[in-house]
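*Asks:* Each chain is listed here by its residues.
Protein chains: 2
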Amino acid sequence: MATEQKRPVILVTNDDGIGAPGIRNLVEAVKDLGKIVVVAPDKPQSGMGHAITIGVPLRLNKVHFFEDIEAYQCTGTPVDCVKLAVDKVLHQKPDICISGINHGANHSINVIYSGTMSAAVEAAIESIPSIGFSLLDYALEADFTAARKYARIIVEQMLKGIPDKHTVLNVNFPKLPVEEIKGVRVCRQAYAKYEEDFIERNDPHGRKYYWLTGEFVNFDEGTDTDVWALANNYVSLVPVQFDLTHYQLKKHLEQTWKFDEA
Amino acid sequence: MATEQKRPVILVTNDDGIGAPGIRNLVEAVKDLGKIVVVAPDKPQSGMGHAITIGVPLRLNKVHFFEDIEAYQCTGTPVDCVKLAVDKVLHQKPDICISGINHGANHSINVIYSGTMSAAVEAAIESIPSIGFSLLDYALEADFTAARKYARIIVEQMLKGIPDKHTVLNVNFPKLPVEEIKGVRVCRQAYAKYEEDFIERNDPHGRKYYWLTGEFVNFDEGTDTDVWALANNYVSLVPVQFDLTHYQLKKHLEQTWKFDEA
Chain A
52 MATEQKRPVI LVTNDDGIGA PGIRNLVEAV KDLGKIVVVA PDKPQSGMGH AITIGVPLRL
112 NKVHFFEDIE AYQCTGTPVD CVKLAVDKVL HQKPDICISG INHGANHSIN VIYSGTMSAA
172 VEAAIESIPS IGFSLLDYAL EADFTAARKY ARIIVEQMLK GIPDKHTVLN VNFPKLPVEE
232 IKGVRVCRQA YAKYEEDFIE RNDPHGRKYY WLTGEFVNFD EGTDTDVWAL ANNYVSLVPV
292 QFDLTHYQLK KHLEQTWKFD EA
Chain B
52 MATEQKRPVI LVTNDDGIGA PGIRNLVEAV KDLGKIVVVA PDKPQSGMGH AITIGVPLRL
112 NKVHFFEDIE AYQCTGTPVD CVKLAVDKVL HQKPDICISG INHGANHSIN VIYSGTMSAA
172 VEAAIESIPS IGFSLLDYAL EADFTAARKY ARIIVEQMLK GIPDKHTVLN VNFPKLPVEE
232 IKGVRVCRQA YAKYEEDFIE RNDPHGRKYY WLTGEFVNFD EGTDTDVWAL ANNYVSLVPV
292 QFDLTHYQLK KHLEQTWKFD EA
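If you read the sequences in order, they're chains A and B.
Numbered according to my numbering, the first sequence spans residues 52 to 313.
Numbered according to my numbering, the second sequence spans residues 52 to 313.
Mixed in with the good hints, there may be bad ones.
One copy or two, it doesn't matter: identical chains are merged, so the pair holds either way.
Straight-line distance between alpha carbons at most 16 Å, and here's what the computed EDC-like set of lysine to aspartate or glutamate pairs gives [as the list claims (entries may be wrong)]:
(1) 302 / 275
(2) 244 / 271
(3) 216 / 177
(4) 113 / 93
(5) 244 / 272
No lab work stands behind these hints, which were simulated from the structure alone.
Just so we're clear, the structure is a prediction, and the values are computed from it rather than from any experiment.
Same shape as in the complex, but just chain A (with noise of 0.2 Å):
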């Protein structure tokens, strides 16, 4: 019983839904580490953000889906499963959050719009050390041999001791096998999106829709970042914040603009 208290919580959850092949490997890789709870969105929430559930109310049911896994499938966003399995699942907070293995990129500005990630700083907002986890390999059958050794790896480095609670990593995998994988960075944030285009149809009343789409396009140079550790065939690791004061910009404002004049 003593050992048992001891043993690690560890919450899980994704974005792309508790039946994607992602969670189940990441569960797969990090079992042992502690005790895992599962509480994912039962449909695919990617591109969701930080978006939260505020006009409907959300059910939360239990699963069977992992062998000896309690687990639990949310009709919300994976920020509403973050915030659901503290109040209702868990009732306390775990000691550590991991979200993912996303299916495809969350480096770069995707980090904002990412659902996988979203879930990984609402834990650290609620001072519960977080990892997103991602895979760039959008397909259902994607190979995570690598990923679940590196995510293993990394959970433990994290289970061994944080500077901060409030810490989140964002974490992508190349899609590569795991014997050319050169080791983890650690990285900042690459300022690479994609640029936006929408394609314009028409649907079988005549009217114009428009489906998003676009190409993805590096502008930055650096060799610190995630977009060319990932392009050298590394895991990239990027420390994330959720201060999103500038605080630069902030000096630069308060020395040179005037508002009194009104």
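Fit chain B to the known structure of chain A by using the hints.
*Replies:* What follows is chain B alone, placed relative to chain A:
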């Protein structure tokens, strides 16, 4: 014609929907400062964070809700509105983008959940300087007099020039008559947030559901924060960044974490 060409193009959006009084007040406040184009959601989108619409097509319809102002309602999120406005309405980047005036506060950590601010952040990612405006009054019948006055002052200031095309400002107005407002303060984002709680009820069929609620708590004692400024009768102005890298933690992890013993 020469002067006509020099008028700045001002894109206006929001997250409460194109029918909300807040966006109407924002248009009224700035309409003589440039060529105004409104592209806003056709329904309330509060709490959508930086959500984008990937899985379904979007519609965009011209409306005549504002006298002499080109306006469109969109079926998507606030972020979708900014993307569609640039790509399919303006066919160019506007000089600035303004979002709001939100019915309700978006100070402190709420910047992360806010559709109003996400629209502004999206614009800044696209190299369009932007401002999100929010009033600390959720009522549809809120008095926007003071908000209008200060929104105009801040937009004028931004049109005079900004240090960086990625500039994004989070502006909140206290719920006060104009004569009680002491001015504008440049601030940092407070660590203050809603402490969530879910109300648990049974539906008419006896099945449990949860509804998000919560109490606002300020954990930050600084007098340089947006929460402090608003409580002390100032308009708060927080410069926001979208590089979420936690540089201090990055340095710490580079020095202390080892991943090689895989």
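*Asks:* Give a verdict on every hint.
*Replies:* Results for each hint:
no., hint, verdict
1, 302 / 275, "between (26 Å within a copy, 12 Å between copies)"
2, 244 / 271, "within (10 Å within a copy, 33 Å between copies)"
3, 216 / 177, "within (9 Å within a copy, 33 Å between copies)"
4, 113 / 93, "within (11 Å within a copy, 36 Å between copies)"
5, 244 / 272, "within (13 Å within a copy, 36 Å between copies)"
Consistency note: the structure conflicts with none of the earlier hints.
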